[in-house]
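Number of protein chains: 4
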Amino acid sequence: MSSSFRIHRARLETLVDGVFAIAMTILVLEVKVPELTDRHSTEDLLHALLHHGYVIGAYAFSFAMLGLFWVWHHRLAEQVREIDLPLLVCALTFLALISFFPFASALLGRYTTNLAALLVYVPVIGLILLTQTLFFWLAMRRNLVVAEHCSPAKALATHRRNLIGLAIFSFACTPTLMRLNAYAPLAGVALGALLLWWAKRRVPAASAKSRT
Amino acid sequence: MSSSFRIHRARLETLVDGVFAIAMTILVLEVKVPELTDRHSTEDLLHALLHHGYVIGAYAFSFAMLGLFWVWHHRLAEQVREIDLPLLVCALTFLALISFFPFASALLGRYTTNLAALLVYVPVIGLILLTQTLFFWLAMRRNLVVAEHCSPAKALATHRRNLIGLAIFSFACTPTLMRLNAYAPLAGVALGALLLWWAKRRVPAASAKSRT
Amino acid sequence: MSSSFRIHRARLETLVDGVFAIAMTILVLEVKVPELTDRHSTEDLLHALLHHGYVIGAYAFSFAMLGLFWVWHHRLAEQVREIDLPLLVCALTFLALISFFPFASALLGRYTTNLAALLVYVPVIGLILLTQTLFFWLAMRRNLVVAEHCSPAKALATHRRNLIGLAIFSFACTPTLMRLNAYAPLAGVALGALLLWWAKRRVPAASAKSRT
Amino acid sequence: MSSSFRIHRARLETLVDGVFAIAMTILVLEVKVPELTDRHSTEDLLHALLHHGYVIGAYAFSFAMLGLFWVWHHRLAEQVREIDLPLLVCALTFLALISFFPFASALLGRYTTNLAALLVYVPVIGLILLTQTLFFWLAMRRNLVVAEHCSPAKALATHRRNLIGLAIFSFACTPTLMRLNAYAPLAGVALGALLLWWAKRRVPAASAKSRT
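Residue numbers (this note's numbering), protein chains in the order written: chain A, 1 to 212; chain B, 1 to 212; chain C, 1 to 212; chain D, 1 to 212.
Rather than coming from a laboratory, the hints here were simulated on the basis of the structure.
Identical chains blur together in the list; that is why a pair holds if it fits in one copy or across any two.
Think about it this way: if two alpha-carbon atoms lie no more than 20 Å apart in a straight line, the pair counts; the simulated SDA-like pairs of lysine to any residue are:
#1 Lys32 x Val124
#2 Lys32 x His47
#3 Lys32 x Leu50
#4 Lys32 x Thr112
#5 Lys154 x Ile7
#6 Lys32 x Val55
Assemble the whole structure, with the sequences as input and the hints as a guide.
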């Protein structure tokens with residue numbers, strides 16, 4: 001695959017829409033039809049369904065998260081002219097995490113009160129946010145952002161919003177993650193990398209400003 | 001996300017088509033291949049399949065419902081120019097309910113004679129109708145209806161048809177819902193909200209008429 | 001829904017592609033990973049997989065059938081200008097049967113030697129062929145065939161090929177179906193209806209010839 | 001189906017995207033939510049998830065493979081003008097293998113240390129590579145490659161890269177396959193066929209060079 005590797009954005013978007021549509025619908029497969037001893041008892045069935053409350057709540061929350069990711073991805077992707085190899089790898093990693101999301105959601109629905117379920121669910125969301133931010137940052141770096149729709153200053157503002165979202169998420173989740181020592185250094189490394197990016201980002205921001 | 005938030009209608013429609021295609025196909029997953037003690041007995045297998053009668057009936061009915069919702073959604077959506085944030089939230093809620101529909105259908109197929117299954121199935125349909133009506137009403141309110149294809153008077157006629165459909169559904173289901181007291185006040189609130197909309201709707205209708 | 005009811009062909013085709021893609025992929029869900037007592041025994045696993053031979057054979061055959069239906073449907077649909085209500089009902093019935101197909105295929109894979117499995121599989125294929133033929137016949141009748149791409153004579157030739165395919169299928173399956181008496185009158189009625197269509201079809205054929 | 005059989009590339013690509021999106025998402029269905037005796041024990045759940053390590057590893061690897069195949073297919077398909085019957089059969093066989101891939105991946109995830117699982121997984125990948133190579137070779141042979149985008153010399157270079165990829169894969173897998181005698185002659189036949197193609201390929205290559 002030479003340096004002229006390109007793939008049409010429309011092709012990637014069809015795949016993204018397909019994966020999101022299936023991940024959204026597969027979420028509900030975890031909500032199982034309960035087994036009853038007395039098939040005609042209304043009370044038994046209602047009672048069994050109320051026990052499904054956690055699962056249905058996890059379904060609604062996860063669906064909302066997927067909806068949010070879908071909107072966010074398309075708002076970023078529509079500013080990108082073409083998909084080259086690093087962007088493609090980043091987008092496919094994003095899709096792999098989206099496909100993995102129904103499993104994390106099912107785990108959280110079944111074991112809502114169990115910390116370990118959160119320790120899968122929260123990092124998956126964190127990685128999804130990270131790949132999204134990385135996706136747009138790579139597009140900016142590689143001059144693949146559509147200039148007419150999106151000026152360099154506007155692109156930087158978008159990137160800054162992505163980073164702020166990621167930072168808010170990281171801080172919000174720190175208490176949860178702190179409860180397992182293994183995640184604390186990981187969060188530290190991630191934060192350091194973010195700060196590094198932030199610093200580096202100021203240079204093209206300055207040059208963009210001087211250009212305008 | 002600023003006030004200039006917009007998403008292309010074509011993007012939403014691809015997601016809608018994907019979710020509908022999967023929900024339609026997932027319906028059939030509930031029709032399980034029966035387990036037989038004698039693998040070669042034609043009578044046993046036919047007998048087991050006839051026992052699946054309710055499940056297959058629920059499958060056919062639910063497929064028809066999904067087909068109806070799909071047609072209805074696209075007939076509404078093709079009159080909308082752009083999707084802004086409130087419309088998007090409304091459309092994603094609609095999709096969450098569509099994804100949830102196979103579960104409700106599976107519940108009804110397994111426990112056809114159980115009132116509690118209807119108490120899940122019927123409100124899900126009601127909410128789907130409600131989000132559809134809300135979707136078009138929001139589009140009208142926010143001036144996102146395509147003017148060339150659809151004059152204000154025509155848009156109002158569409159909205160009135162939506163409301164009438166919702167009202168017929170509500171009245172038809174009242175006897176079922178009445179059997180559980182918890183749903184009676186809910187239906188009352190919904191009806192009151194509808195009447196309020198109806199009253200408010202007359203003002204833009206009048207202004208639309210005076211404009212024509 | 002007034003007489004001016006129309007839906008864009010592109011919209012239907014996206015749904016059709018989605019349903020086909022999922023039905024094709026769901027076929028394989030019936031091929032279950034075997035359970036072994038000794039996890040490291042190559043012979044045990046190979047033996048268990050060979051027992052899956054029938055299921056994998058049914059998978060390959062059903063996939064080929066779905067591929068055939070997909071090609072056939074698009075070759076018919078691309079000659080249709082617009083989709084009105086009767087065509088839509090016909091197309092959605094077709095999709096319901098396609099969604100149902102993985103169940104029939106799973107049944108045949110599990111109970112290959114059982115006549116009852118064929119009594120589900122064969123009629124489903126027959127109904128799929130019937131809805132396809134009906135779809136194109138309705139399009140011809142309602143003047144929705146694209147005139148530039150497809151002259152009336154060519155459209156009739158297509159319809160005749162559809163009918164011949166349906167007839168060959170009916171005759172080929174008669175021996176199977178004959179073994180259950182219940183299907184014999186059904187086949188008779190279907191054949192009668194076909195002959196009636198054939199006769200009626202000659203009139204527009206004649207008028208089409210005189211027009212050319 | 002006459003010699004003028006053609007299908008639009010866009011139609012095939014929608015189906016391909018759909019099948020890939022579903023196959024990617026279905027991969028994760030094999031990662032099952034573990035059953036715990038103590039629902040609130042973090043250690044138990046983490047331990048159970050670590051036992052899923054192989055399955056999650058197989059998921060990540062298989063997702064990467066599917067991503068690779070998807071990119072490769074679209075890079076080949078975008079050079080093809082139209083899809084005629086042999087190309088279509090080849091593409092549908094490719095899709096059947098892609099749909100079958102989640103089963104092979106599930107088998108490998110469950111029985112990672114079992115040779116028989118590799119004996120399913122590796123040949124499926126091999127056949128996918130083979131159908132891809134065949135797809136482009138058929139397109140070249142039948143003059144369906146877009147001339148403007150892709151000169152004959154460039155098309156040949158693509159085909160050569162496909163063949164080299166196939167050859168590397170064959171040699172890399174030989175040690176695995178050698179352990180079962182049944183696969184050795186099969187690999188021999190495949191290699192012979194490749195060499196035959198290679199030889200034949202030189203003739204149009206020479207004519208292409210003389211033309212340039």
